[in-house]
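I would like the entire structure built from these sequences, with the hints used as guidance.
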Amino acid sequence: MAQATAASAGAAGSFKTMTQRKREDALTGYAFLAPALIIFLIFLIIPIGFAVYISFTNWNGITPLAQADAYQFVGLDNYNRLLFQQGISQRDFYTAFKNNLYFVMGVVPAQTILALVLAVIVNQKWLKAKGVFRTAFYFPSITSSVVISLIFMWMFTRGGLINTLIGGVSSGYTNVDWLNDSNGLIHNFLGLFGITRQTVGDWASARVASLTLWDWISGPSVTLFTIMILNTWTTIGTMMIIFLAALQNIPSHVYEAAAVDGATGLQAFRRITVPLLRPTTFFVVTLGLIGTFQVFDQIFVISSGGPAKTTLTIAYIVYQNGFQNSAMGLAAATAIVLFVIIFAFSIVQRRITSEKAD
Amino acid sequence: MASTTFVQSQEEVNNPLRRLLPVIGITILVIFALIQTVPFVLTIANSFKCLPAVQQYPTSFIPAPPFGVECRTETGASRPAAESSNTLTFNPATEGYTELSTFPFPRWFLNSAIYAIAVTVLRLLFDSLAGYALAKIKFPGNRVMFFTMLGTMMIPGVVLLIPRFIILKQIGLLNTYQGVIFALAADAFGIILMKQFFESIPDEIEEAGQVDGANRFIIFFRIVLPMATPALTALAIFSFQGTWNNFMDILIIVGGNPQLQNLPVGLALLRGQFGDTLRWHTFLAGAVLTTVPMAIIFFALQRYFVQGVSYSGLKG
Numbered sequence: 001m002a003q004a005t006a007a008s009a010g011a012a013g014s015f016k017t018m019t020q021r022k023r024e025d026a027l028t029g030y031a032f033l034a035p036a037l038i039i040f041l042i043f044l045i046i047p048i049g050f051a052v053y054i055s056f057t058n059w060n061g062i063t064p065l066a067q068a069d070a071y072q073f074v075g076l077d078n079y080n081r082l083l084f085q086q087g088i089s090q091r092d093f094y095t096a097f098k099n100n101l102y103f104v105m106g107v108v109p110a111q112t113i114l115a116l117v118l119a120v121i122v123n124q125k126w127l128k129a130k131g132v133f134r135t136a137f138y139f140p141s142i143t144s145s146v147v148i149s150l151i152f153m154w155m156f157t158r159g160g161l162i163n164t165l166i167g168g169v170s171s172g173y174t175n176v177d178w179l180n181d182s183n184g185l186i187h188n189f190l191g192l193f194g195i196t197r198q199t200v201g202d203w204a205s206a207r208v209a210s211l212t213l214w215d216w217i218s219g220p221s222v223t224l225f226t227i228m229i230l231n232t233w234t235t236i237g238t239m240m241i242i243f244l245a246a247l248q249n250i251p252s253h254v255y256e257a258a259a260v261d262g263a264t265g266l267q268a269f270r271r272i273t274v275p276l277l278r279p280t281t282f283f284v285v286t287l288g289l290i291g292t293f294q295v296f297d298q299i300f301v302i303s304s305g306g307p308a309k310t311t312l313t314i315a316y317i318v319y320q321n322g323f324q325n326s327a328m329g330l331a332a333a334t335a336i337v338l339f340v341i342i343f344a345f346s347i348v349q350r351r352i353t354s355e356k357a358d
Numbered sequence: 001m002a003s004t005t006f007v008q009s010q011e012e013v014n015n016p017l018r019r020l021l022p023v024i025g026i027t028i029l030v031i032f033a034l035i036q037t038v039p040f041v042l043t044i045a046n047s048f049k050c051l052p053a054v055q056q057y058p059t060s061f062i063p064a065p066p067f068g069v070e071c072r073t074e075t076g077a078s079r080p081a082a083e084s085s086n087t088l089t090f091n092p093a094t095e096g097y098t099e100l101s102t103f104p105f106p107r108w109f110l111n112s113a114i115y116a117i118a119v120t121v122l123r124l125l126f127d128s129l130a131g132y133a134l135a136k137i138k139f140p141g142n143r144v145m146f147f148t149m150l151g152t153m154m155i156p157g158v159v160l161l162i163p164r165f166i167i168l169k170q171i172g173l174l175n176t177y178q179g180v181i182f183a184l185a186a187d188a189f190g191i192i193l194m195k196q197f198f199e200s201i202p203d204e205i206e207e208a209g210q211v212d213g214a215n216r217f218i219i220f221f222r223i224v225l226p227m228a229t230p231a232l233t234a235l236a237i238f239s240f241q242g243t244w245n246n247f248m249d250i251l252i253i254v255g256g257n258p259q260l261q262n263l264p265v266g267l268a269l270l271r272g273q274f275g276d277t278l279r280w281h282t283f284l285a286g287a288v289l290t291t292v293p294m295a296i297i298f299f300a301l302q303r304y305f306v307q308g309v310s311y312s313g314l315k316g
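So the protein lines, in turn, are chains A and B. Here the numbering used here is used: the first residue of the first sequence is 1, the next is one more, and so on. Here the numbering used here is used: the first residue of the second sequence is 1, the next is one more, and so on.
Don't take every hint at face value.
[To be verified] Restraint ranges, calculated between C-beta atoms of paired labels, are given here:
#1 G275/B - M105/A: 30 to 36 Å
#2 L21/B - S170/A: 27 to 33 Å
#3 L27/A - G256/B: 56 to 62 Å
Note that these hints are calculated values from the structure, not bench results. Note that the Cβ used here is the ideal one computed from N, Cα and C, for glycine as well.
Laid out in structure tokens, this is it:
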């Protein structure tokens, strides 16, 4: 009996210290978290809520918000102007959306495939000086996007290095104005066969969301294409290293077993490497999607959206609307639409990748 | 025995291809390695030329004496390209670099260093504290906090442009050093990186400390943090690189004041002022000076760079 009381008293005692300890842990936990949490609240979470609110107003970004007539509540007007109502805002948005789509569809596959190919070669047993190649491929990733944009501008100027190089190889070459050519690549290609907007029929001049169908299918302009090359060039290094790390994680006995079974190198690549790399590929493609949908720095430095708005991107019109056109409400709405677009693409991409896995 | 012969015959069938594969592979690698590095070599070479020589092709890239030639004659006219450059070699000049000092370039360099160092130090502290709490301390809301952090990583940086601008304007930190430093002082990626690392440290180590009566903070700073050097190094590299090269955030926060801009923002806005007639040797000199500090860090700590990137990839 006495023993039982002692035991229960002991249990009660330890129970008390347990709650005490729990409370202590909660306190220390939040104390550790506090600095980061405060930063996140002030510069991330509250601002996002604020931006959603601003996107329903016509604030110009300049008048102090405390002033009585600083802004009016306009409901969904900004979204409407951007997406549905005919006008310059809508045309700019869909132009940017179209450019961005071409940018993503060109750069993401190119960077993923090139990075994978390079990683597979670097991972081969017979390769010497792996470190040298890895360093060479990765180096552009550590430099500033602004610096790389300046270097590319210099190389791609009309009388510049790239044109001189191509001109040296092929004699009939007329210099391409890489940084100032608004013609779409598909438009140029079709033009070779005499197919133009005038010859294909009236449908090409029909307008969908303020743009003619011909505009939609013209492809990226030569200038946007130049920026696509730049973007691919800077990103393959990082992605190659991610692939390389994943390749090195595949145990070598898997390949040895396949070789014993008579699999050729190519078969082993298709049946072993590619499936085992699926999670990594998913990660790389997601990184690529998020990065390319946000392309901004290079556009800012090289083309400011020109020529003829063919390098306008969604990120760039967020900046333009907010800081140059003094339409902060519209800019906030554009940013939120961009977020939704990126989010939707990530989900679609996740669907596609997981379906393939089944 | 039978299977051995089979493998051998397979190898014989593949022999010509097998010999060729390394050749093709190395060719691809060499071509890409050149594509990735030659632009930098040419940038360095041309930053040391006089302007007319930059615009002369084929581009010479081998420096030859005399060094430090003057780009202008006594009357102030620029000397023709042929005087300082031929097909392969050029006489290095420093005009591009001296011209940089006519802009607030030294100031931008200093600002880049201030931002990068301050943000890195704060992130090392704040991210590791938060990462430790999420990894090792059981408190109500632990999971919610973790998923909130993870969720913020999905928000694209561009989307934050406007919100950050609005809040910084409201609290009066627009166009200040503090504005840049505080806004970037903690990041979800770093917190999750540190959390991941702390989870790999066995609990016994901290329990031993607790038995000795030390509190959590002492245990963290004396015992746990010193063990985290590899993760801290990776985090320091990412933070320094990200902030040194940061363009978009810094453009929005201090774009209005040239005295507060960093190198990328300064160079980009300078390019805007020049329009299409850039003084290329000056811009290339700016590009070189912006890249050199990162390059030094990269070559000194290469191992950690690669580890860090692979780590971020394996997580996904």
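Checked hints:
1. At about 32 Å, the CB distance of G275/B to M105/A agrees with the hint of 30 to 36 Å.
2. L21/B and S170/A have their C-beta atoms about 30 Å apart, which keeps the hinted 27 to 33 Å range intact.
3. A C-beta distance of roughly 42 Å is found between L27/A and G256/B, which places it outside the suggested range of 56 to 62 Å.
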